[in-house]
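Asks: One line per chain: the protein sequences are A and B, in this order. Number 73 in numbering that gives the first Met the number 0 belongs to position 74 of the first sequence; there are no gaps in the numbering. Number 209 in numbering that gives the first Met the number 0 belongs to position 210 of the second sequence; there are no gaps in the numbering.
No lab work stands behind these hints, which were simulated from the structure alone. Remember, predicted model here, so these are calculated numbers, not experimental data. There's no promise every hint is true.
Claimed, not checked - Listed below are several chain B residues computed to face chain A (Cβ distance under 10 Å; list not exhaustive):
| # | residue |
| --- | --- |
| 1 | ALA57 |
| 2 | GLU74 |
| 3 | PHE90 |
| 4 | ILE97 |
| 5 | PRO100 |
| 6 | LEU108 |
| 7 | ALA114 |
| 8 | SER150 |
| 9 | LYS199 |
To be verified - Derived list of chain A stretches under chain B, where covered just means 3 residues or more per stretch with a C-beta under 8 Å from a C-beta of chain B:
| # | stretch |
| --- | --- |
| 10 | 334-344 |
| 11 | 427-437 |
Unchecked claim - Restricting the straight-line Cα-Cα distance to at most 25 Å, the calculated cross-link-like pairs of lysine to any residue (SDA-like) are:
| # | chain 1 | residue 1 | chain 2 | residue 2 |
| --- | --- | --- | --- | --- |
| 12 | A | LYS367 | B | GLY101 |
| 13 | B | LYS174 | A | GLU438 |
| 14 | A | LYS367 | B | PRO100 |
| 15 | B | LYS121 | A | GLU438 |
| 16 | B | LYS70 | A | GLU438 |
| 17 | B | LYS117 | A | GLU438 |
| 18 | B | LYS117 | A | ASP467 |
| 19 | B | LYS27 | A | ASP427 |
| 20 | B | LYS174 | A | ASP427 |
| 21 | B | LYS27 | B | GLU6 |
| 22 | B | LYS121 | A | LYS59 |
| 23 | B | LYS117 | A | GLU440 |
Ideal Cβ positions, reconstructed from N, Cα and C, are used throughout, including at glycine.
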Amino acid sequence: MVNENLVKDVVKEPYKYGFVTDIETEKIDKGLNEDIIKLISQKKEEPKFLLDFRLKAFKKWQKMKEPDWAGLGYKKIDYQDIIYYSAPKQKEKISSLDEVDPKLLETFDKLGIPLTEQKKLTNVAVDAVFDSVSIATTFREELAEHGVIFCSISEAVKDHADLIEKYLGTVVPASDNYFAALNSAVFSDGSFVYIPKGVTCPMDLSSYFRINSGDSGQFERTLIIAEESSSVSYLEGCTAPMFDTNTLHAAVVELIALDDASIKYSTVQNWYAGDEEGIGGIFNFVTKRGKCLGKRSKISWSQVETGSAITWKYPSCLLLGEESVGEFYSVALTNNLQQADTGTKMIHIGPKTKSTIVSKGISAGNSKNSYRGLVKIGTKATGSRNYSQCDSMLIGDQASANTFPYIKSQQPNSEIEHEASTCRISEDQLFYLQSRGIEFEEAVSMMVSGFCRDVFNQLPMEFAAEADKLLALKLEGSVG
Amino acid sequence: MQSKMKESDPILEVENLSASTDNLPILKGVSLTVYPGEIHAIMGRNGCGKSTLSKIIAGHPSYNITNGDIKFLGENINSLEPEERSQSGIFLGFQYPIEIPGVSNLEFLRVSTNARRKFLNKEELDTFDFEELVKEKLEIVKMDHAFLSRSVNQGFSGGEKKRNEILQMALLEPKIAILDETDSGLDIDALRIVASGIKKISNAETGIILITHYQRLLDEIEPNYVHVMSDGQIIKTGESDLALELEKKGYEWTDNFIKET
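If we strip away everything but chain A, and leave its shape as in the complex, we get (with noise of 0.2 Å):
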């Protein structure tokens, strides 16, 4: 049918963000190995500790299989062709911006995000990883006055090792999956957020993390504390240069949540996808979790994926504390030959515990949209409920979606709801829209973001306004 190709070209958005810094960089030979690892420990100048975690994680990943269950198609990844560390050439110890390399600064003035005092955001502090370093981290000062610590995970261990030591790896412990035992042993640089008791973050906190090199992989590390009565809402985004080769990158997060602590997250991620026929493009192995270890303590996970070749990601809530609250609000849009296999885990412990899960995946092209996730519910979280809705939609006849969800209840008092819905953007929809004057890509934009609605209105207010933005620009493009 005539519309069908049109929202096949409609889909097609060339990538913003695909261009490539040209700085002098200081990178390690290609391939893993226990010197490799201790290379990089040795270059960040790591206590003994993190060593052992490192050296003790890869020794784990050594004996770990990739997993296959999510059925994702891809050629096999060289572990030994990818090189660990890559880092911009600066000055050893940087007091201000003005040390920083203009290119680096013009690099992310490019992605919208300025770093210098003048045009910083004014409303959100940054923290900007470039490769395997973070390069600046804005509104430190104010932040310290309030006591909330924001740095990059490097300074932290070395100015906070007590903080690092304690609580890296309890949330996401190095053998838990094949890419979380690999992110242990290399990871290299991401943010840290440590927000005390009773303190309300006076700003959004923000990390960009951008991949420059080709050849190397990233390995960001992010650990955030909420402790008692606290709250923070943190924002992520990403973006890449378009290469052909793919390139690697597999993060862990972990958010600790004490007693009556609140911790939002939200992502933008828009890796490079690549090309049309499916070359080039991230493979993004990402391991999120939150533990709500106190009382009432609330984590809420916010995700619009709209890039990479390939996203294995499920953002997940470990609900201990008694009335503790786990949030997924998730969109997921996958066009050409992405794949995405995203979800959550909400596994309930504690009494009375609660999660939502709210799931909207959009294939277009030939994408494979999948959601996948588990709903646990254990012998002593009496009273415990979740709600669950995973709705997709298909643009055009080409994609898939499909939704697993996973439910497993130990707990007879507790309430499971689960709700799913597959619909397609109708020649008569578009034809209604258009026959009021609405432009056809318009249409299909005002429709992707209808459906997405539900989760747009969890995300901060300037990220909102930044997703619906992004899926537009990826719906957007040559009309007839």
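Position chain B against the provided structure of chain A, taking the given hints into account.
Replies: Quick look at chain B alone, frame taken from chain A:
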């Protein structure tokens, strides 16, 4: 008859129009001319091609024009996109208005209205100004403001959907409105509201085509012309009394016209 109307140029000219869908011919040479201020009624059995005619005028992509032309304000619009037709002033009131989950009715109406205003070189309205305008137009169809915050047509009753169509017509101020069975599924009160809405919106500058099965709408809005369609053709044209006769005698009566032709 109404010769003074014809001093101006026609709004719509359908000339010997044939069209098909999936290679199945639906329209077989339809001609119809509408001048400003005229109200035309098209009647006929289900499947005679009435709805198809209206969809083709609005630019539905499922139909192919195999012969003939559609002219709007003197310009051939055969190849215009549906949105271009709407922006330039063609309005189709749907027989079955489409539900669009997740898209707020208010936002939909605003985007739609602004698309038309942009075409007319009028200033586009922000949310506040649009609120004012829409409030005024809601009066015409006696709709509650609450309808605006719901998704487009979702969960609307049959009558509410039709009133939402007339609301759109009121906002878009089209040059020509084709109302496809706007009266079907309405109770008497709703019919009156819809009919009086149509009358309020139409004026000496606009043309209206009412596609209907029933006399009761034509009791409220008297047409200048009544056309009877059968098997993809207009087989008879008359004045408003033709509808009355049709009501009395039924469509079987029209079968004889085909034999005559």
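Asks: If a hint holds in the structure, say so; if it does not, say that too.
Replies: A quick look at each hint next to the structure:
A hinted interface residue such as ALA57(B) counts as satisfied when its beta carbon comes closer than 10 Å to some beta carbon of chain A; here the least separation is about 5 Å, so the hint holds. Taking 10 Å as the C-beta cut-off, the interface hint given for GLU74(B) is violated, the closest approach to chain A being about 17 Å. For PHE90(B), the shortest C-beta to C-beta distance to chain A is roughly 8 Å, which falls under 10 Å, so the interface hint holds. Given hint, ILE97(B) at the interface with chain A, holds; its Cβ is 4 Å from that chain's nearest Cβ, closer than 10 Å.
Hint on PRO100(B) holds. Least Cβ distance to chain A is approximately 6 Å, under the 10 Å limit. Residue-level restraint check for LEU108(B) holds (minimum Cβ-Cβ distance to chain A is 8 Å; threshold 10 Å). Nearest Cβ of chain A to the Cβ of ALA114(B): about 3 Å, under the 10 Å cut. The hint holds. For SER150(B), the interface hint holds, since its Cβ comes within 10 Å of a Cβ in chain A; the closest pair sits about 7 Å apart.
The beta carbon of LYS199(B) comes no nearer than 20 Å to any beta carbon in chain A, farther than 10 Å, and the hint placing it at the interface is violated. Judged by the Cβ-Cβ criterion of 8 Å, the stretch 334-344 of chain A is not covered by chain B as claimed, because only 0 of its residues qualify and three are needed. Interface restraint, the stretch 427-437 of chain A with chain B: holds (10 residues with C-beta to C-beta distance below 8 Å; minimum three). At roughly 23 Å between alpha-carbon atoms, LYS367(A) and GLY101(B) fall within 25 Å of each other, so this suggested pair holds.
Between LYS174(B) and GLU438(A) the CA atoms are separated by roughly 20 Å; this keeps the pair inside 25 Å, and the hint holds. As the CA atoms of LYS367(A) and PRO100(B) are separated by approximately 23 Å, the hinted pair is consistent with the 25 Å bound. Taking the CA atoms of LYS121(B) and GLU438(A), the gap is near 18 Å; set against the 25 Å cutoff, the hint holds. Between LYS70(B) and GLU438(A) the alpha-carbon distance is near 21 Å, which keeps this suggested pair within the 25 Å criterion.
With a C-alpha separation of about 13 Å, the suggested pair LYS117(B) and GLU438(A) falls inside the 25 Å cut-off, and the hint holds. The hinted pair formed by LYS117(B) and ASP467(A) meets the criterion: a straight-line CA distance of about 23 Å does not exceed 25 Å. As the CA atoms of LYS27(B) and ASP427(A) are separated by approximately 24 Å, the hinted pair is consistent with the 25 Å bound. Among the hinted pairs, LYS174(B) with ASP427(A) is consistent with the structure: their alpha-carbon atoms are about 24 Å apart, no more than 25 Å.
A distance of roughly 30 Å separates the Cα atoms of LYS27(B) and GLU6(B); the hinted pair therefore is violated under the 25 Å criterion. As the CA atoms of LYS121(B) and LYS59(A) are separated by approximately 68 Å, the hinted pair breaks the 25 Å bound. With a C-alpha separation of about 17 Å, the suggested pairing of LYS117(B) with GLU440(A) holds against the 25 Å cut-off.
Hint violations for this structure: numbers 2, 9, 10, 21 and 22, all remaining hints satisfied.
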